[in-house]
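Listed below, chain by chain, are the residues.
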Amino acid sequence: MSQTVFAPWNDPQAKPLIQFKNVTKRFGDFVAIDNQSFDIYAREFFALLGPSGCGKTTMMRMLAGFETPTEGTILLAGQDIAPIPPNKRAVNMMFQSYALFPHLSVWENIAFGLKRDKVAKDKIAERVEQMLKLTRLEKFAKRKPHQISGGQRQRVALARSLAKAPKLLLLDEPLGALDAKLRQETQFELMDIQETTGTTFVIVTHDQEEAMTVASRVAVMDHGRIIQADTPANIYEMPNSVYVADFIGEVTIIEGRVTKSGNGYDVAFAEGAPPLHAESDKVFQNGQSCHLAIRPEKVTVSAEPPQDAANAVQGRILDIAYLGNLSTYHVELPSGQIIKAQTANTRRLSRRSFTWEDTVWLSWTATAGVLLEG
Amino acid sequence: MRRMTWFNVTSLTLGFAFLYLPMVILIIFSFNASKLVTVWAGFSTKWYGELIRNEAFLDAAWVTIKVAVISSSIATVLGTMAALVLVRAGRFSGRTLFSGMIYAPLVMPEVITGLSLLLLFIGIGLDRGILTVILAHTTFSMCYVSVVVSSRLVSFDQSLEEAALDLGCSPASAFRLVTLPIIAPAVISGWLLAFTLSLDDLVIASFTAGPSATTLPIKIWSSIRLGLSPEINALSTIMIAIVTVGVITASLTSKRASLKRQADERAAT
Amino acid sequence: MQRFALIALPYFWLLALFLVPFLIVLKISLSDVALAIPPYTPTLDLSGGWGAFKEFLSGLDFENFEFLTTDDLYWKAYLSSVQIATIATILTLIAAYPIAYGMANAPDHWRPTLMMLVILPFWTSFLIRVYSWVGILSNEGYLNQFLLGIGIISEPLTILNTNTAVYIGIVYTYLPFMILPIYSALERLDGSLLEAAEDLGCSRASAFWLVTIPLSKNGIIAGCFLVFIPTIGEFVIPSLLGGSQTLMIGKVLWEEFFNNRDWPVASAVAVILLLILIIPIVLFQRNEQKQREAEG
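First to last, the sequence lines map onto chains A, B and C.
Each residue of the first sequence is one higher than the one before, counting from 15 in our numbering.
Each residue of the second sequence is one higher than the one before, counting from 352 in our numbering.
Each residue of the third sequence is one higher than the one before, counting from 25 in our numbering.
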């Protein structure tokens, strides 16, 4: 692997394209964005992820220029963008509703922004053709928005916002209106287009799977704050809080108290039950309360007591969620704690060994769980 | 994204001032003591007194109300039937002519409607009087009623009526017990529209009324042709007051109904 | 049986009281004026059978229409009706658009009230609304008193009994008909379209021309027809506010009928007025149809 990994956020020399500096946005008494500072780098695919009302859309609308920060500054390529109106910013936005002009054809929609810049006619035609090709819409150039499918509309919206070759493209829930299968295809298309054009993308979404798939970095937001901003792998494997662990993917959270033990900590989680063992880089005091987050796919299910496992518990199968390729078991321990375990369905259903009410052993390694402060 | 800019505030203010100032002036000067309408000479209600003692106006008002109540009631029945035909009856021979005859009176100049009805009444030897005015008013206002009612019927969920039939109603009782109560607001506003149109009409009534049935608009017309009259100002004020109270009451009632509905729905969930 | 009664009752009512009268107008427009009651010939006597019918037909001719072409009063009246209606429609549009725009941009909780304020004048007497301008526009009227009072003019303006007064009257009475369709088009306008236009480089003004106006086009067209069509045959406004030089065909028809008692000519005037109206009515219908299809 001679190719260098794309990670400008780890490079102290790299200059960010966008800098949020202590940005606060209030609507009356409501604090939409609470004193946030973070950077986005050129060519990044940055995802703002969170439930509705967490402030992600406000963040994006401030970048587009439809809202101005109450306090703090936003810099684009080192320049404060607050005084620049939306129509003068080198930032374009793809709207959640697509906001395609119903009275204009696909071609005219894509050409709309170029015409405002007084680009020469042949240059416009050339650029529009290029965009139509990029989004595979050549055949639909003459149609009106209501004469094409939802997926095609989505691509027109993308082509229109990319036509002006913005420094930064904002995507507001770009795939929200598509059905599940189309959404998956479109995610990969989006990544391809982002790579081909080399544009910086900021996407707003409430769909964690979408954010994980497309983004180079994901910022998980809640109540106007970014809780964690990191690569999808780090967000998933090393969440910094219960909120993030719980928001991304499936997880079992076990509450307990820590005691230093060997390389890691013992977590006492229930009276009479032997403590669980987990390694952590973080430093905990003895007796400090904590949460242990365990991803279900890291938990092994077996009928016999496992050998040499750092953690092994016995419980009863309460529920089985069959997902086709995977099955998730909900196993209740004698203490009432429920632990989720996932197994790949490599065998056909009839050969599966566990069923409801079976008593099984669950086991995982010392590094499988993540210790989080309580 | 809604923006309430100074431009919007200004245009709304100027627009509504233009719409309402003439009426406000009219109302103020109805309390003018002077016989000269445009010269203010102190507050007085004497023109209201004159108006009440004026037999001709009272008679005309009575005729107008009779005509309006009767014609709008017949028009509501006929218009609702016509709406049912338009929306429900499917194909029948002469359907195009039928819908043409419903829509044409809406755009027909009043002078032509009036003239043609007058020529008909003379042709068949019907003496002009209250009856002819009622016939004329019924004819054009039933078209308005049918437009109002049919726009409601289009969005009416027909499976409700089918459910009634399924539960043992005859078609007529299904209409009476299910359809009519649901479209009632549209039927009522159709009646109100017909009533107002009849109350308001000068041109058609002038053609069809003849000397024996002078309606209020005809009476007003003949007196304002001679110039401004303080009595007419007083009469206008009374009419504006009645309409204003009516419209505000109606809109408050419907607002309260919709608020109550919202509250009920919230409580139910 | 029930279905038959349902169809038959309104059908025959309209046949008898709308279509037949109209055919009578058509017939009389082809008859000659006579000093009789009814004051025209020939009259159709159905008891005379087929022979009488043929004789009746031969009595009809286009004399009245020829008469309309010889006297230039009539074609001037038609022309000036169309002209006044056109100018008045444009003026109404100019007055109505900002109001409709302001309403569509008003806070949600204001809108039902604003709506009611626009509709309220419609329920009050048309005659009274026109009459209210007589006192304002006359030489001793409130407007002249006001302008003289603040010293803008030194002599009263003559507005009443001119075409200007007719325009004011039409704009005033037909304003709601223009506001409502435009408002409903603007209210449906998706705000994110304007943001998209700005995002793509439009100033607010150019976003208005490139997005708001084209998307409210249907409302504008509907409003224009709703004002233009009834204005052409308008009688009350030109008679009350207009002067002797204000020629409108509705007024001419009225005078022909009531003052000259020339029923055949009045009928011919009506027939031609209708022919003139057919074009905008058909266009209006087609526009409505297109809009319904676009929405459906």
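Think of the hints as simulated: they come from the structure by calculation, not from any bench.
Keep in mind that the hints are not guaranteed to be accurate.
Stated by the list, open to error - Only some residues are given here: those of chain B computed to face chain C with a beta carbon under 7 Å:
no.	residue
1	N359
2	L363
3	G366
4	F367
5	M374
6	A433
7	F449
8	P460
9	T490
10	V538
11	I539
12	L553
13	I591
14	V598
15	S602
In this text, all values refer to a predicted model and were calculated from it rather than measured experimentally.
Just so you know, even glycine gets a beta-carbon here, dropped at the ideal spot from N, CA and C.
- Message: Hint T490 of chain B vs chain C: min CB-CB distance below 7 Å?
- Response: OK, holds: T490 of chain B within 7 Å of chain C, min 4 Å.
- Does the interface hint hold: is P460 of chain B within less than 7 Å of chain C, judged Cβ to Cβ? holds (2 Å)
- Query: For the hint on L553 of chain B, does the least C-beta distance to chain C fall short of 7 Å?
  - Reply: Holds: closest Cβ of chain C sits about 6 Å from L553 of chain B, inside 7 Å.
- Item | chain C contact restraint on S602 of chain B - CB to CB distance below 7 Å | Holds, because the Cβ-Cβ distance from S602 of chain B to chain C comes to roughly 5 Å (cut-off 7 Å).
- Restraint check, 7 Å cut-off on beta carbons, for L363 of chain B near chain C: holds (4 Å)
- Message: Interface hint check: A433 of chain B, Cβ to nearest Cβ on chain C, cutoff 7 Å. Holds or violated?
- Response: For A433 of chain B, the interface hint holds, since the closest Cβ of chain C sits about 4 Å away, which is under 7 Å.
- Taking 7 Å as the limit, does the beta-carbon of G366 of chain B come near enough to a beta-carbon in chain C? The hint holds - G366 of chain B has a Cβ within 7 Å of chain C, the shortest such distance being about 4 Å.
- Can the hint on N359 of chain B be confirmed by a CB-to-CB distance to chain C that is less than 7 Å? With a minimum Cβ separation of about 4 Å from chain C (threshold 7 Å), the hint on N359 of chain B holds.
- Given V598 of chain B was flagged as interface, is its beta-carbon under 7 Å from a beta-carbon of chain C? This interface hint holds because 5 Å falls under the 7 Å limit.
- When the nearest CB of chain C is found for I591 of chain B, is that gap smaller than 7 Å? holds (5 Å)
- Task: Could you check if F449 of chain B really has its C-beta closer than 7 Å to a C-beta on chain C?
- Result: Holds - the Cβ of F449 of chain B comes within 7 Å of chain C, reaching about 6 Å at its closest.
- Would you settle whether the hint for M374 of chain B is holds or violated, based on the nearest Cβ-Cβ distance to chain C being less than 7 Å? With Cβ-Cβ at 6 Å, under 7 Å, it holds.
Of the numbered hints stated above, those contradicted by the structure are hints 10, 11, listed in ascending order.
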